[in-house]
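Novice: Each chain, letter by letter, is given below.
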Amino acid sequence: MKRWTLWVPLAVFVAVVALAAWRLTDTGETVVKSALVSKPLPEFALPAMVEGKPGLNRTDLATGKPRLLNVFASWCVPCIAEAPQLMKLKAAGVQIDAVAIKDSPEAVKAFLSRHGDPYARIGDDRDRVVQIGIGSSGVPETFVIDGQGRIAAQHIGDIREDDVPRLLKALEDAQ
Amino acid sequence: MIAEAGLAALWLAAAIALMQLAMAGLGLRLKHDELVAAVRPAAIVQGALAALSFGLLIVLFLRSDMSVVLVVQNSHSAKPLLYKFAGPWGNHEGSMLLWVTVLALAGAAIALFEKKLDRATLTATLGAQAFIALGFYAFLLVASSPFTRLDPPALDGMGLNPLLQDPGLAFHPPTLYFGYVGLSIAFSFAVGAMVTREVGPVFARAMRPWVLAAWVFLTIGITAGSYWAYYELGWGGWWFWDPVENASLMPWLAATALLHSVNVLAARDGLRAWTLMLAVVAFSMSMVGTFLVRSGILTSVHAFAVDPTRGSFILVLLAIYIGGALALYGARVGRVKAGQGFDLLSREGGLVLNNLLLSVILGIVLIGTLYPIAAQAMGEQLSVGPPFFNKAAGPIALLLVAAMAVGPLLNWRRDDFNALLTKLTVPVTLSVLVMAGTFAAAPGTGWMEIVALGLAAGLAVASFAPLWKRKLLRTPLFTWGMVIAHFGVAVSLAGMAADSAFTSERLVAARYGQPYYVGPWRVVLNGVAPVVGDNWSAVEGRVTASRGPVDGPMILLRPQRRFYASPPTDTAEAAISTRLDGQLYAVLGAQDTQGRWQLRLWWKPFVTLIWFGGGLIALGGALSLIGRVKRERRNVKRREEAEL
Amino acid sequence: MSLLLGLMLAAAVPADLGYSQIPDAGKEAQAAELMGTLRCLVCQGQSIADSDVDMAADMRRIVRQKIAAGDSPDAVRAWLIERYGSYVTYDPPLSWTTAPLWLAPLLLLGAGLWLARGTVRRRRK
Chain V
1 MKRWTLWVPL AVFVAVVALA AWRLTDTGET VVKSALVSKP LPEFALPAMV
51 EGKPGLNRTD LATGKPRLLN VFASWCVPCI AEAPQLMKLK AAGVQIDAVA
101 IKDSPEAVKA FLSRHGDPYA RIGDDRDRVV QIGIGSSGVP ETFVIDGQGR
151 IAAQHIGDIR EDDVPRLLKA LEDAQ
Chain D
1001 MIAEAGLAAL WLAAAIALMQ LAMAGLGLRL KHDELVAAVR PAAIVQGALA
1051 ALSFGLLIVL FLRSDMSVVL VVQNSHSAKP LLYKFAGPWG NHEGSMLLWV
1101 TVLALAGAAI ALFEKKLDRA TLTATLGAQA FIALGFYAFL LVASSPFTRL
1151 DPPALDGMGL NPLLQDPGLA FHPPTLYFGY VGLSIAFSFA VGAMVTREVG
1201 PVFARAMRPW VLAAWVFLTI GITAGSYWAY YELGWGGWWF WDPVENASLM
1251 PWLAATALLH SVNVLAARDG LRAWTLMLAV VAFSMSMVGT FLVRSGILTS
1301 VHAFAVDPTR GSFILVLLAI YIGGALALYG ARVGRVKAGQ GFDLLSREGG
1351 LVLNNLLLSV ILGIVLIGTL YPIAAQAMGE QLSVGPPFFN KAAGPIALLL
1401 VAAMAVGPLL NWRRDDFNAL LTKLTVPVTL SVLVMAGTFA AAPGTGWMEI
1451 VALGLAAGLA VASFAPLWKR KLLRTPLFTW GMVIAHFGVA VSLAGMAADS
1501 AFTSERLVAA RYGQPYYVGP WRVVLNGVAP VVGDNWSAVE GRVTASRGPV
1551 DGPMILLRPQ RRFYASPPTD TAEAAISTRL DGQLYAVLGA QDTQGRWQLR
1601 LWWKPFVTLI WFGGGLIALG GALSLIGRVK RERRNVKRRE EAEL
Chain Z
2001 MSLLLGLMLA AAVPADLGYS QIPDAGKEAQ AAELMGTLRC LVCQGQSIAD
2051 SDVDMAADMR RIVRQKIAAG DSPDAVRAWL IERYGSYVTY DPPLSWTTAP
2101 LWLAPLLLLG AGLWLARGTV RRRRK
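Residue numbers (the numbering used here), protein chains in the order written: chain V, 1 to 175; chain D, 1001 to 1644; chain Z, 2001 to 2125.
Mixed in with the good hints there might be a few duds.
[Claimed, not checked] In silico BS3-like pairs for lysine-lysine, Cα to Cα no more than 27 Å straight-line:
| id | chain 1 | residue 1 | chain 2 | residue 2 |
| --- | --- | --- | --- | --- |
| 1 | Z | K2066 | V | K33 |
| 2 | Z | K2066 | D | K1391 |
| 3 | V | K109 | V | K169 |
Hints listed in this document are in silico derivations from the structure and should not be mistaken for laboratory results.
So here's chain V without its partners, still in its complex pose (with noise of 0.2 Å):
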């Protein structure tokens, strides 16, 4: 064998190392974004999953103003602790529609009356039908919607008080 060929399997082991390293500094869960971000939103449209409030559509998304959609479920524990913030986002003029996944209609009602409605208009995506559409893999994400119905901005996981700011900005750059 040549002599510099023996040195090859060193060479590839401290590529392998350094992979691993830089693997380790950077463990973490791994989050699925969804690839329809600066996309826009595909043809869709739930019925009502409560009565009193509409379901919703795609055109629904699209009035020109940018809103957020929000996927939620009544069984979903860090959709309660985001409930505060949506109500404090739809307080400063947001407006909110959701898709309700793999839901009932009582359920969500006693959610509502528990955790407050934000929401302008809530879909029933019992099949995730919706969800998988758009590219949303787990509950709660928001999605920021602008005015022409493509999707500016994803939030995966609940909405804490530090990303209320980010949103509202988002919503501002999608004019």
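Following the hints, put chains D and Z in place on chain V, whose structure we already have.
Specialist: Structure of chains D and Z alone, referenced to chain V:
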């Protein structure tokens, strides 16, 4: 008390390992005979102490000592005895202690039984073994002690993950660890030989039985693990190219190449550099596997609870040991004299091809497993799974099977092409017939499955060719071992191809009494009833199945959905009925709003051949091992008699 | 009589394609093969075919519905990649980032053959 004794035994073992390393290093350097003489006993004592430590951990589990954190996290007083016994290795700390114990016992075994190797190389080998052990003792004692106390003691434990409460799985880790960590012996031998520059047939003959033994354990461990996943996880698959599965396969690939390469070194003094490299790579793959499974950098259903700080510790150990051995390789192997030459068409040539193809497959598996991390470094998230591995490694594996059929028929040093073709007529004809037949009978079958079936048939016949025209009872045991192992590969491959090509699956929302059809079987769900076990309760389906005439013999399947209390989990227990020509596999799902039960049914023709073949491969290895040991003993006796 | 009623009832409730097969065997085979190569997004390394979680069932339903409606498996895979990126497929699509991966077998084989030439060439004169 017992926990403290276990910890003390571990500290002592580490101290002895340090001494062993120092004595080996100084003894060789200073050519100090007494120091060198003390290395062997030290290795034996170290092994005994590590074994004692592990034994005490087992005692803690058997006694359900709830004042020890590990027992609380992984056991429960109501657990059946077998799983209390297997509890120690169902978690990170305990399995790491088992890892280190096997490492120490391997060193003790070399010290006790290795008689062929020259003193200097043996001392260097034991020194290397102690050096490796030290790092892992340090890891255990500093970052993963299994003996930490809980104060105040818990009332009872949190139980063992129900998926692990299975007799097969109880013994799968120890078997695998004897394999993985047994390869450390080859690694240490290689390091020892590179230090003393004594690489030759004697070295090869000394290393060979240890490689074979580790390889047999690894083969059994992987085969058993695959069968366990198949019947326990309930989706009818037996290999998913999951990172942890790959972590077990990579050492096996390297060890397979190594055990063939070492034969060339022993018989013809050839392939020195390859053999040394493979010996280093095999155990390096074991260590890389340990790192992958415990560091959390890759997601897997099989991974242990994740901790990046532990991962960093292991990575540092890897860098030192593998980096060190590879650096030693670069520095020393250039000056290892090459052995005798040989033609391309020769047994050596065939074995070079074997080494090459196995190494390519190893490389593909390694790259595929690590690629998601590399992609992440490039800013992209992607997944690499069965479609890649099957497409990339599959064809190379088929080439390897073809080589396996031809190789044992070749002569050493140089062979004649025409003579070879004559020997191959029968296997090749059979292969072609099988391929044509399969294509005719089932035209929709994929090309890889058709070729695989053809090659399996050809290999099945060709593997017996070395026995042709020999007196069977006088054929050496290690030749029988080769024959059976290669035949086992053919059997296993046939099973894999049949499973891939001919499995039928049916998914139904079953009403009681209504017949459903899967493959040639007529299946009926008669009822679902509650059932209770040691530490679980379940709903059990009564499924009857028959094929042929409606009133023909019926088989009964009882798939269950089990609910465990601690930890609260529910699992599906598949019901499997094994027939001569395949397995009928049934899994019970949930009940829907109409009262129908989800029932998932498979008919898998000849699937059991996969693991039966694996067993044959291990048997072949064991026969080879016994055969080589017997031959060595006979040679030693003859030499002694000649000297008298 | 009860059999007829049963069949009518069964027909009235369409089968949930998340938990049952497409009646057309050929399409079901295509769908099954595809689902074995799509990743469950919330699991620890399983395909949507093998996972028990309800999100996997929802994904299976969508896949089967699309295949039953006539979409090709590649189109369905592309649809999912459009939404989740390459993470969702176990069959990495060929691109500049994945070229080294897909070329690896050939490159390794080539490198190995080149190395092996050195070993074998040393014949006895």
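Novice: All hints are to be evaluated individually against the structure, with a verdict given for each.
Specialist: Results for each hint:
1. For the hint pairing K2066/Z with K33/V, the CA-to-CA distance comes to about 23 Å; that is within 27 Å, so the pair holds.
2. With a CA separation close to 26 Å, the supplied pair K2066/Z and K1391/D stays within the 27 Å bound.
3. Between K109/V and K169/V the alpha-carbon distance is near 31 Å, which puts this suggested pair outside the 27 Å criterion.
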